[in-house]
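Protein chains: 2
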Amino acid sequence: MKRWYIDKGPDSDVVVSTRVRLARNFEEYPFPSRCSREQQREIIRKTVEALTGDDAEFRRGFTVIDFKNMDLNERLVYVEKRLVSKELAASDQEVGLILSNDEQISIMINEEDHLRIQCLAAGMQLEKASEICNYIDNLLSQKIDFAFDDTFGFLTSCPTNIGTAIRASLMLHLPALTMTGHINALLENCGKLGLSVRGLYGENTEARGCLYQLSNQITLGKSEQDIVMSMKTIAYQVTEQERLLRREMMQRNGLQMEDKIMRSYGILKYARTLSSEEAMERLSDVRFGIFAGLITNLDETDVNEMMLRIQAGSLQKFAGRSLRSDEMEAVRASYIRNHIAKKDKRFD
Amino acid sequence: MKRWYIDKGPDSDVVVSTRVRLARNFEEYPFPSRCSREQQREIIRKTVEALTGDDAEFRRGFTVIDFKNMDLNERLVYVEKRLVSKELAASDQEVGLILSNDEQISIMINEEDHLRIQCLAAGMQLEKASEICNYIDNLLSQKIDFAFDDTFGFLTSCPTNIGTAIRASLMLHLPALTMTGHINALLENCGKLGLSVRGLYGENTEARGCLYQLSNQITLGKSEQDIVMSMKTIAYQVTEQERLLRREMMQRNGLQMEDKIMRSYGILKYARTLSSEEAMERLSDVRFGIFAGLITNLDETDVNEMMLRIQAGSLQKFAGRSLRSDEMEAVRASYIRNHIAKKDKRFD
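These protein sequence lines map, in sequence, to chains R and L. Reading the first sequence from the start, the letters are residues 1 to 348 in full-length UniProt numbering. Reading the second sequence from the start, the letters are residues 1 to 348 in full-length UniProt numbering.
FYI, nobody ran anything at the bench for these hints, they're computed from the structure. Warning: the hint list may mix true and false statements.
Any copy, or any two copies together, can satisfy a pair, since identical chains are not distinguished.
[As the list claims (entries may be wrong)] Below, in silico cross-link-like pairs of lysine-lysine (BS3-like), each with a Cα-Cα straight-line distance of 25 Å or less:
#, residue 1, residue 2
1, K260, K343
2, K143, K343
3, K232, K343
4, K81, K143
5, K232, K317
6, K222, K342
7, K2, K192
8, K192, K342
9, K260, K342
10, K46, K343
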């Protein structure tokens, strides 16, 4: 399996990626915020052993990442790849990350819970991601006693995660729903159905690049399968609504839409300075254009990758040094220009 | 000599083209507005004879254009090429046009004056254009008695042209003077020196595409040579000022300028709909970019030609039919896209 951000998945015209996350806590230790550093280190050690102890082949598939000797920018890259939370990356506690080499599976250690088992995949792959999480969970359960209550289910640091302790999220690209303003009714309806939708890069609904994260609110009183299935059903409805609107927009305003999309493409290809906001907006147009058949030398994995690589941490890694904000805008434009130019040549 | 709009001339980073025009009237007829149709026809006939009568070879270099059997759109193309005035193109009188095959020399017959002898050239070529006008004037004078007063000089329908009856104009591209706002002081100074500067596509100073027309106001009390020489001196000063400012802008704000220019190029290359205003603005940026060395697959003749061809008459001629304004914007974008794509291929 390829890394989610350079892979193609089912329904990826609308569903950029899937993430499933399970929260687990050791029964024998207090929640991380109340652990001593010594206890935190023990938790890391025991988790690594439980996961990679016996099977040398399996072990080679994973890397234990040490955040302590990593500079802040390097950590930020992990956040931007969605492999760890901002909180973990910024933590001064004994935190750990076990990462599969394909960056599909990541286990955060000593974030809010002792363990956050996470699986990322391109497109709509809720069941597969959920299965993988369960596989890892079962593997760890053989060696670790997780805090579990017969009435409540898995116990978590924050009560909103208690129960199945599963959080499934889909990253959705919804340009048509956004442009037509229908997104607001959608946000309301999803709330009523126990799902939250929010802009990808923040808690509010201001979505940069028309990217939204749909995730379940309820973890208690339903089975994992029920949570995943009801989410899948709603996500398909949203997807169909988005597709319908895109077709309508192209039929009614084809020339204007094509103009908007191709201008964005032209600007990305030639601009010498790009703010993060503008770049995300224009990449969103290009993503729309790819699935509308207007842009053929790029595909969605190019857009995914560019959306990832133009964030502050990745850009500074790319430049090999820390950048002032004006330098960042120039390097961002340069990165995008080069990426598109490479693809242009290949298809010319 | 090539047509002015696809030719390169001296100082064409700033001076797009030169036009010199002489007004002449037959002594034996009243001014055109007071002529009978019969007299107007006689004037046309006599002018054609005087110009092309004896020399068959010379005659083949010219075409007599009949505006009567020409639709309005076709006439508009002549206006857009600056070969005739709007007034002549719209006239319901007996008007005529003698045009050299290279479209360098045009003689309007029965516009405001009986004859307007005009020479167009690319870049800064005041003396050459003036010489050519004089050559045609001398040739015609051998057969036609022009209205001439020993005190006032050549008599013209409008008293502002009386005397030498010469009007010299330069089309200037002044993006740096415009962007920095220095243009206003320049306009004032030129006024004091007896020259007028105005936006190319109107009587006011709102210049579309940063194009300005510099022309002499005074025709009386100075020799032709003096008029041409003083204009040349001032034009060189303006040109140097523009060049200095361009260099300064590129040094101080290189990245921003490059960004602006390359974005305009990208938009022209990919947009699907372009208003006349936007197209002229973006072509102006591209023209600047060519002489700043940023755009190498186009030269100024491409910009000249595009600026000409995207006007209403030429576009409709290109499309082969009359166009609604929204269709016009789409055809304009398509014309520009094709022009640039052709050049991109050639240089790739």
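Taking the hints in turn, this is what the structure says about them:
Taking identical chains as interchangeable, the C-alpha atoms of K260 and K343 lie at most 25 Å apart whether they share a chain (21 Å) or sit on different chains (24 Å). Neither within a single protomer nor between protomers do K143 and K343 lie at most 25 Å apart by alpha-carbon distance, with minima of 48 Å and 68 Å respectively. Taking the closest pair of Cα atoms, K232 and K343 never come within 25 Å of each other, the shortest separation being 34 Å inside a single copy and 50 Å across copies. Taking the shortest alpha-carbon separations for K81 and K143, neither the intra-copy value of 29 Å nor the inter-copy value of 85 Å comes in at or below 25 Å.
Taking identical chains as interchangeable, the C-alpha atoms of K232 and K317 are never at most 25 Å apart, the minima being 36 Å within one chain and 55 Å between chains. With identical chains, the CA atoms of K222 and K342 are never at most 25 Å apart, being 48 Å at best within one copy and 62 Å at best between copies. In this homomeric assembly, K2 and K192 never come within 25 Å of each other (Cα to Cα): the closest approach is 35 Å inside a single copy and 72 Å across copies. When the C-alpha separation of K192 and K342 is checked against a cutoff of 25 Å, the pair qualifies neither within a copy, at 46 Å, nor between copies, at 55 Å.
For a Cα distance limit of 25 Å, the shortest separation of K260 from K342 qualifies both inside one copy, at 23 Å, and across copies, at 23 Å. For the identical chains of this complex, K46 and K343 are neighbours neither inside a copy (46 Å) nor across copies (65 Å), given an alpha-carbon limit of 25 Å.
Consistency with the previously given hints fails for numbers 2, 3, 4, 5, 6, 7, 8 and 10, ordered from lowest to highest.
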